[in-house]
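Engineer: So the sequences go chain by chain: P and E.
Heads up: take any position in the first sequence, counting from 1, add 20, and you land on the working numbering.
Heads up: take any position in the second sequence, counting from 1, add 318, and you land on the working numbering.
The set of hints was computed from the structure by calculation and includes no laboratory data.
Hints are not guaranteed to be accurate.
So the derived label-pair ranges between C-beta atoms look like this [as the list claims (entries may be wrong)]:
1. P:109 x E:520: 27 to 33 Å
2. E:538 x P:156: 34 to 40 Å
3. P:109 x E:320: 48 to 54 Å
4. P:70 x E:550: 55 to 61 Å
Here are the simulated DSSO-like pairs of lysine-lysine, each with C-alpha atoms no more than 30 Å apart in a straight line [to be verified]:
5. P:98 x P:161
6. E:522 x P:167
7. P:98 x P:185
8. P:167 x E:507
9. P:185 x E:482
Built from N, CA and C at the ideal position, the CB exists for glycine as well.
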Amino acid sequence: MSDTEKKDYGTLKVEAIRNGSVIDHIPAGRALQILRHFKILRQAATEQIPITVGLNLSSNRSGTKDIIKIGDYFLDQKQVNQLAFLAPGSTINIIKDYKVVEKLRPSLPERVTGVFACPNANCITNRENTVDTCFTVYESKGEVMMKCHYCEKAFSQDIVCKNLK
Amino acid sequence: MANPLYGRDIISISELTRPEIELVLDTAKRLKEHPDHTLLKDRVIASCFFEASTRTRLSFETSIHRLGGQVIGFSDASNTSMSKKGETFADTIRIITSYADALVMRHPQEGAARLAAEVSKVPVINAGDGSNQHPSQTLLDLFTIFETQGRLDNLSIAFVGDLKYGRTVHSLAQALCHFGAKLHFVAPKQLAMPDYLVDELKEKGLVCEFHDSIEEILPELDILYMTRVQRERFDESEYHSIASKFILRAATLRDAKKNLKVLHPLPRIDEITQDVDDTPYAYYFQQAANGVFAREALLALVMNEEV
Numbered sequence: 021m022s023d024t025e026k027k028d029y030g031t032l033k034v035e036a037i038r039n040g041s042v043i044d045h046i047p048a049g050r051a052l053q054i055l056r057h058f059k060i061l062r063q064a065a066t067e068q069i070p071i072t073v074g075l076n077l078s079s080n081r082s083g084t085k086d087i088i089k090i091g092d093y094f095l096d097q098k099q100v101n102q103l104a105f106l107a108p109g110s111t112i113n114i115i116k117d118y119k120v121v122e123k124l125r126p127s128l129p130e131r132v133t134g135v136f137a138c139p140n141a142n143c144i145t146n147r148e149n150t151v152d153t154c155f156t157v158y159e160s161k162g163e164v165m166m167k168c169h170y171c172e173k174a175f176s177q178d179i180v181c182k183n184l185k
Numbered sequence: 319m320a321n322p323l324y325g326r327d328i329i330s331i332s333e334l335t336r337p338e339i340e341l342v343l344d345t346a347k348r349l350k351e352h353p354d355h356t357l358l359k360d361r362v363i364a365s366c367f368f369e370a371s372t373r374t375r376l377s378f379e380t381s382i383h384r385l386g387g388q389v390i391g392f393s394d395a396s397n398t399s400m401s402k403k404g405e406t407f408a409d410t411i412r413i414i415t416s417y418a419d420a421l422v423m424r425h426p427q428e429g430a431a432r433l434a435a436e437v438s439k440v441p442v443i444n445a446g447d448g449s450n451q452h453p454s455q456t457l458l459d460l461f462t463i464f465e466t467q468g469r470l471d472n473l474s475i476a477f478v479g480d481l482k483y484g485r486t487v488h489s490l491a492q493a494l495c496h497f498g499a500k501l502h503f504v505a506p507k508q509l510a511m512p513d514y515l516v517d518e519l520k521e522k523g524l525v526c527e528f529h530d531s532i533e534e535i536l537p538e539l540d541i542l543y544m545t546r547v548q549r550e551r552f553d554e555s556e557y558h559s560i561a562s563k564f565i566l567r568a569a570t571l572r573d574a575k576k577n578l579k580v581l582h583p584l585p586r587i588d589e590i591t592q593d594v595d596d597t598p599y600a601y602y603f604q605q606a607a608n609g610v611f612a613r614e615a616l617l618a619l620v621m622n623e624e625v
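The task is simple: from the sequences and hints, build the whole structure.
Structural biologist: Quick look at the structure:
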């Protein structure tokens with residue numbers, strides 16, 4: 021594929037949505053993980069929600085990115101905050117009548133409950149499936165750290181975020 | 319007014335304030351000098367050890383008996399419904415704590431005590447959860463340090479051996495944040511104190527230094543806290559080369575300050591040679607004996623509004 025073709029392919033336009041949410045600047049490769057985590061695909065199948073997913077599109081900011089457009093679906097604040105971990109650096113646009121009426125940036129919550137498994141294999145939460153994991157989020161030396169409420173071990177955000185439940 | 323520990327779960331040393339720690343230590347001193355056989359009268363305490371323990375279990379159970387209470391429980395989880403029939407840990411705890419007035423528990427997995435406290439309607443005291451916390455050991459360590467030094471503030475303390483997995487070291491270091499201290503860590507690279515913990519200690523104002531040998535810092539120490547390098551974490555030849563660097567012999571103590579005391583959570587294997595036992599610095603057996611008083615204090619305060 022020539023460079024021009026690559027560029028055209030990378031900047032493939034996707035259809036605009038009338039109402040809904042657009043999650044842009046998702047780190048490449050994470051879009052399907054996000055849809056699975058929010059259980060949007062299941063809902064889309066039963067409620068006929070239109071979804072457009074772009075994978076590995078070119079991005080001036082980060083080289084490549086993923087994008088998700090979900091018609092007639094509005095992310096709530098809890099989901100937006102979870103994107104701080106699932107898709108660091110992503111932006112969320114709320115669309116009404118084809119116009120962006122709200123731009124949201126996920127901010128780090130103080131606690132994250134039930135989203136990630138604890139990376140410590142010997143943590144009780146990895147044995148008792150009925151227990152929701154819970155991490156306290158804080159910054160140390162410029163790095164986002166997550167401390168497990170149960171085993172009290174602290175990990176960098178990158179390590180925890182690989183363990184989506 | 320009820321004492322601040324009445325009805326509380328004791329899961330992590332980091333949840334205790336300085337006045338609360340001092341209350342436990344004062345109470346332990348009082349109970350050591352003046353035993354009280356009524357503080358757990360008519361109380362049933364469940365002592366559930368899902369993992370082997372000698373000192374912690376026996377000293378907790380001794381404490382319960384000495385305070386006039388009664389003990390139910392097990393020292394081996396292999397005969398429980400959880401192990402035999404697949405009952406969940408949470409259900410096991412719900413049932414046990416419906417029989418008893420408090421639960422003392424040890425479990426091999428980190429976070430088990432926290433989870434137990436969340437499903438229990440009676441106070442839970444953590445007697446060790448995996449490599450995480452061991453608050454009653456920390457309280458007995460602090461009690462022993464105070465007993466030997468007459469103070470807890472601004473001491474020079476060295477931790478030697480397995481500082482990566484050693485929960486006693488983690489808990490004691492965290493507790494010392496309330497008192498200020500100069501901490502010296504002497505460990506093989508593979509068993510070094512975890513970075514996140516060192517960062518936490520420094521942020522709370524402790525001075526942390528790292529050394530390759532005990533001799534390097536011995537002359538300035540008030541407390542030398544030895545721990546066991548666990549053989550199972552290394553292959554045999556690696557173990558011998560590492561363990562030999564972290565052995566304390568009587569001769570090593572030649573330049574020690576007069577007030578130095580050597581502590582160890584025990585069991586010791588060969589990291590403290592027996593000739594150290596005869597020096598005035600050895601205090602690990604008295605430390606283990608103090609476990610009864612520290613645990614009596616903890617139980618008494620958790621189970622009584624006034625002690």
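Engineer: Taking the hints in turn, state whether each one holds.
Structural biologist: Cross-check of the supplied hints:
The beta-carbon spacing between residue 109 (chain P) and residue 520 (chain E), approximately 30 Å, falls within the hinted interval of 27 to 33 Å. Between residue 538 (chain E) and residue 156 (chain P) the C-beta distance comes to about 36 Å, which sits within the given range of 34 to 40 Å. For the hinted restraint 48 to 54 Å between residue 109 (chain P) and residue 320 (chain E), the CB-CB distance of approximately 50 Å keeps it satisfied. Distance hint check: the CB atoms of residue 70 (chain P) and residue 550 (chain E) are about 57 Å apart, consistent with the given range 55 to 61 Å.
With a C-alpha separation of about 26 Å, the suggested pair residue 98 (chain P) and residue 161 (chain P) falls inside the 30 Å cut-off, and the hint holds. Distance restraint check for residue 522 (chain E) and residue 167 (chain P): the Cα-Cα separation of roughly 17 Å lies within the 30 Å cut-off, and the hinted pair is therefore satisfied. About 16 Å separates the Cα atoms of residue 98 (chain P) and residue 185 (chain P), which keeps this hinted pair within 30 Å; it holds. Distance restraint check for residue 167 (chain P) and residue 507 (chain E): the Cα-Cα separation of roughly 24 Å lies within the 30 Å cut-off, and the hinted pair is therefore satisfied.
This hinted pair checks out: residue 185 (chain P) and residue 482 (chain E) have alpha carbons roughly 27 Å apart, not beyond 30 Å.
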